[in-house]
Every structure is written in C-alpha cells, then in structure tokens.
Amino acid sequence: MIPGLLSRTTPDPGDNGLPGLHRVPIWFNDPLNWKGPDGLLAYTSEHIVYTIVVLAVAMVIAVPLGLLIGHTGRGSAAIGGSVNALRAVPPLGLLILLIAVISPHIHITQGFTYLIARGSVPYFIPAMAVLLVLAISPILTSTYAGVQAIDPAVRDAARGMGMRPVQVVTRVEFPNALPLIMSGMRSATLQVIATMTVAAYAPLVGGIGRLIVDGDQDLTSLRYGYPAMVAGGITVAVLALAAEGLLALLQRRVVSRGITGRYSTRREKYERHPPAASRGARAGSARRMRRSGQLSHT
Amino acid sequence: MGALWHYFLSNRQQVQGWAITTIWLAAVPLAAGLALALPAGWAASRFRWSYPPLVSLAGALYTIPSLVLFLLLPGILGTGILDTLNVAVALTVYTFALLVRAVADGLSAVNADTLSAASAMGYTGRQLLIGVQLPLAVPVIGSGLRVAAVANLSLVSVASIIGTSQLGQLFITGSSLGILTPIVLGLICFVILALCFDLVIRLAMRVLAPWRRAVPG
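Same order as they appear, the protein sequences are chains X and S. Throughout the first sequence, residue numbering follows the working numbering, covering 250 to 547 in sequence. Throughout the second sequence, residue numbering follows the working numbering, covering 88 to 304 in sequence.
Hints listed in this document are in silico derivations from the structure and should not be mistaken for laboratory results. This one's a predicted model, so the numbers in the text were calculated from it and none came from an experiment. Even glycine gets a Cβ: it sits at the ideal position worked out from N, Cα and C. Heads up, a few of these hints could be off.
[What the hints assert, rightly or not] Listed next, the stretches of chain X that the computed footprint assigns to chain S, with coverage defined by at least 3 CB atoms under 8 Å from CB atoms of chain S:
| # | segment |
| --- | --- |
| 1 | 333-345 |
| 2 | 450-463 |
| 3 | 489-502 |
[Stated by the list, open to error] Sample of chain X residues at the chain S side, in silico, Cβ under 10 Å:
| # | residue |
| --- | --- |
| 4 | N265 |
| 5 | P268 |
| 6 | G269 |
| 7 | L270 |
| 8 | V273 |
| 9 | I442 |
| 10 | A443 |
| 11 | M445 |
| 12 | T446 |
| 13 | V447 |
| 14 | Y475 |
| 15 | V479 |
| 16 | G481 |
| 17 | G482 |
| 18 | I483 |
| 19 | V485 |
Excised from the complex, chain X in its bound form (with noise of 0.2 Å):
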C-alpha cells in the first residue's frame, strides 16, 4: 500500500546511492589499489609506524610518571581529574583546534622519507599531539591504579628486606603492576588506531585515515569512493584486532608467572574437577560462592 515502506524493508544495496558492499572484495583484488605511494600497503605502513611511535613516546612519559605517582601517592588526584577530564574532550575537537592554533606557526617544508609527506609536517604535529594525549591516559591512570592495589605487606617485605626506593619501585611495584600497565597499553594502543582515521581530518597526514577521510569527496567513486572508505575501515579494524592479540601474547611472556599464578595449571585442573568423593558436598551456595570467588580474580 505505501510503496516506500515496502521498499524499504527489503533493502536493494543501490537505493543510497552508494556503491555496494560487493565492490568492497573487488576493490581489495585489484593490485592498483594496494601499491604506489596512495596504495593500501603504503598507508597501512605508515599507520603502524606512527602508532608504534606514538605509543613509545605515551609509555616513556606515562610508566615513569605514574610510578612515580602511585608510589608516592602524591597528585594521584589531580592526576585522576584531569584524565577525566580530557576524555570528555572529542579528539576531533582537539585536533582542528591545535591545527588552527599551532599549524601556522611551524615553518618546516621538507619531508622525511616516505612517512612524513613534503609540507605535511605543520599538521603532523597537531595530530600526533593529540594522540600523545590520548594514549597517555589510560596508561598513566593503569599505571598508578597497579601500583596502589599492591598489598601494602608486599612493599613493607621489600623495604624491610633492604631494597632501596628505587629497588622497590624496579623490582617490586613495576612488575606487580605490569598486567595492569598492559592493559592500560592495550586500551591506548586501540584508541590510537581507532583514532589515527580521525587524525587524516589533518591534511596531508598519512594513515589509512587519508582513504576514508578523501573518500568522502567522493562517494560514488569506485577507486576512491565508498569502497576504498570501506576497505580502509577494514583493514583498520584488522589492525586493531592484531594489535589487540599480539599485546596479549606480549603480556603472558612479560609478566611473571608469579603474579598470574598460570605455573599452577596441575592444581587449577584438580579444583575444577575434583575427585568424584567431594563432588557430593555440592551446595547451591557453596557452588555460588566459587563462582563468585573466581569471577573476582579474572
């Protein structure tokens, strides 16, 4: 009866105007789309680059200082406050204000190799900048929160055995904090990535953000249009599930098995399935109770 309605819930993969999904798959089968300096495998390249470098920079700033926090216990709440704060800030707020304000005052033309284009670098530094904020804010707020929920008992033993400060805070807070600090660096390495496509708003800055952004110019276009947007965001997203997996290998070979408790397994089996004699003593509270216990500590 209403011919809109009706056409609308079935719907033809054309009636927005866009290039369908199908042109996706085809696009990514097409070598033209994949080399060269505006190929795929050129942006994707420079996306982990300057992930991997902004990441570096966030942890050599953010460890150190929220170590240095949680230890001593000092700014933690002014710390706290303004990393609350500046989540309320939109990134992309953030970036268009420091491209405005600091891009006509940096006079650097030349280019660096193939990762920082000729007369890119007055908006690089903005879209780095904000990044760099982005990504110490979960680190630093992880770093100190590992630090103070470290039993008090665990950091008197280590004074008490005659460990300096400095022993303390190396041998003793940073590697009980580290499944912290890592998750910290997990949530940040995945905001970056997420939030390098929203960097390319900056012009001239690479990343497979520049497909997406430019595509935008022009939708219909099937080399640069909705399919490459749709391609790039793919790959991005593959990316970030990379990343995400290889920091959690990262993690089970950095932080002790003394921490994670996972040289235990033989034990851990045991629990889980205990001889059939016990098996009887099964209360409904009893099995709530474990429940509850392990859900606690994961």
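Put chain S on the given structure of chain X with help from the hints.
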C-alpha cells in the same frame, strides 16, 4: 568570551538543533545498549561457560573503530551515508560492548552470604535477581554507564567527518572557515554535555542505590 557568545547568538537556531541531535544520538544508544546488555550480562554471570565468549565478543566489537562502523552500516542497513540511524546503531553496539562486562561483573560480585540470606528468606530465582542482585549491582553498572556516556558523546563528534549534522559540525565549520570561535564553542558544548550526562547518571544511581549515601566513598 564575547566573540563566543556573539557567535552562539547569531547561529542560535543551528547550534540548538545540533545540540538536540547530539543529545539524542548519545542518549538513545545508551538506553538501547543497556537494555541489550542487561540480559546478556545476566546470562554471562548465571551460566559461567558463557562468560569468556560473551566478554571476548564484547571486546572484539569494541575494537572496531567508530569511523569504520559509521561507514559499514549504510552498506549493511541500506541507509544513506548521512543517516543519523548509522550513528545510533553504531553507538548502541559500543554501549552494549562496554556494559556487558560491567553487568556480568556487577551481578557476580554480589556477596554470596547476601544471596544465601535472601534465599533463606524465601526469595526465589527471579525475585533474587530483580530484588537483590540487580540493585546491589547498580554502582558497578552505573560506573560502566558513565564511561559509556562520555565515550558516546565523543564518538558522535567523529561522525561529523562523514558529514552527519550535529555539534561536531562546529569543528568542521571552524576548520573550513579558518576561525577559532566555532571550534572552541564546540569543545565547550561537548564538555558541558558530558558533565550533564555524568550528573544525570550519578543522580539516577543515588535514587536507585540510596544505601550508598550512608557509606561515604
């Protein structure tokens, strides 16, 4: 400061319209995401085997960058690229992803003795969940909701890169005209909205979990 006020007054209609869209785009997904996360989180806490897959699914959903989801959804839903429905659906997905874990952990963290006492008083399964577990989980769920609200607002602004019409357009306007006033006004608007959302959720938590007032902190 005067320039800001002047800009706001001369573009009042537009800014107000954008602000209302922004509030809707952040609030509706918050409610929808919570409505979806409550049963899923309950399932994750009730059936222990479903906790790891549900929480990792939520984690995987959260790794999808927002700009990507804003772009993929028109292809999946058949909506126009500027349709605000894309933003609403994407933010619902993120809210759900954030809250599933909060709901599951909040429900599971309820003291076992409390539950035993309630079941000894004659509470049955569903009464136990609605009358005891859920109210006790309000602080945990509420803090998840506060994070989701602020994240949603900031993600709404990202959608303006594609061109949807909301407060993020102030940034785009400032950037294309090369003037600071709309950019600063946009930042102020977003921070104020974030504070308002936070305040509303905290008030709701106070109403739903009044015993928290008795215990400081």
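Hint by hint, here is what the structure shows:
{"no.": "1", "hint": "333-345", "verdict": "holds (count 10)"}
{"no.": "2", "hint": "450-463", "verdict": "holds (count 4)"}
{"no.": "3", "hint": "489-502", "verdict": "holds (count 3)"}
{"no.": "4", "hint": "N265", "verdict": "holds, 5 Å"}
{"no.": "5", "hint": "P268", "verdict": "holds, 9 Å"}
{"no.": "6", "hint": "G269", "verdict": "holds, 7 Å"}
{"no.": "7", "hint": "L270", "verdict": "holds, 4 Å"}
{"no.": "8", "hint": "V273", "verdict": "holds, 8 Å"}
{"no.": "9", "hint": "I442", "verdict": "holds, 7 Å"}
{"no.": "10", "hint": "A443", "verdict": "holds, 3 Å"}
{"no.": "11", "hint": "M445", "verdict": "holds, 9 Å"}
{"no.": "12", "hint": "T446", "verdict": "holds, 5 Å"}
{"no.": "13", "hint": "V447", "verdict": "holds, 6 Å"}
{"no.": "14", "hint": "Y475", "verdict": "holds, 7 Å"}
{"no.": "15", "hint": "V479", "verdict": "holds, 6 Å"}
{"no.": "16", "hint": "G481", "verdict": "holds, 8 Å"}
{"no.": "17", "hint": "G482", "verdict": "holds, 3 Å"}
{"no.": "18", "hint": "I483", "verdict": "holds, 7 Å"}
{"no.": "19", "hint": "V485", "verdict": "holds, 5 Å"}
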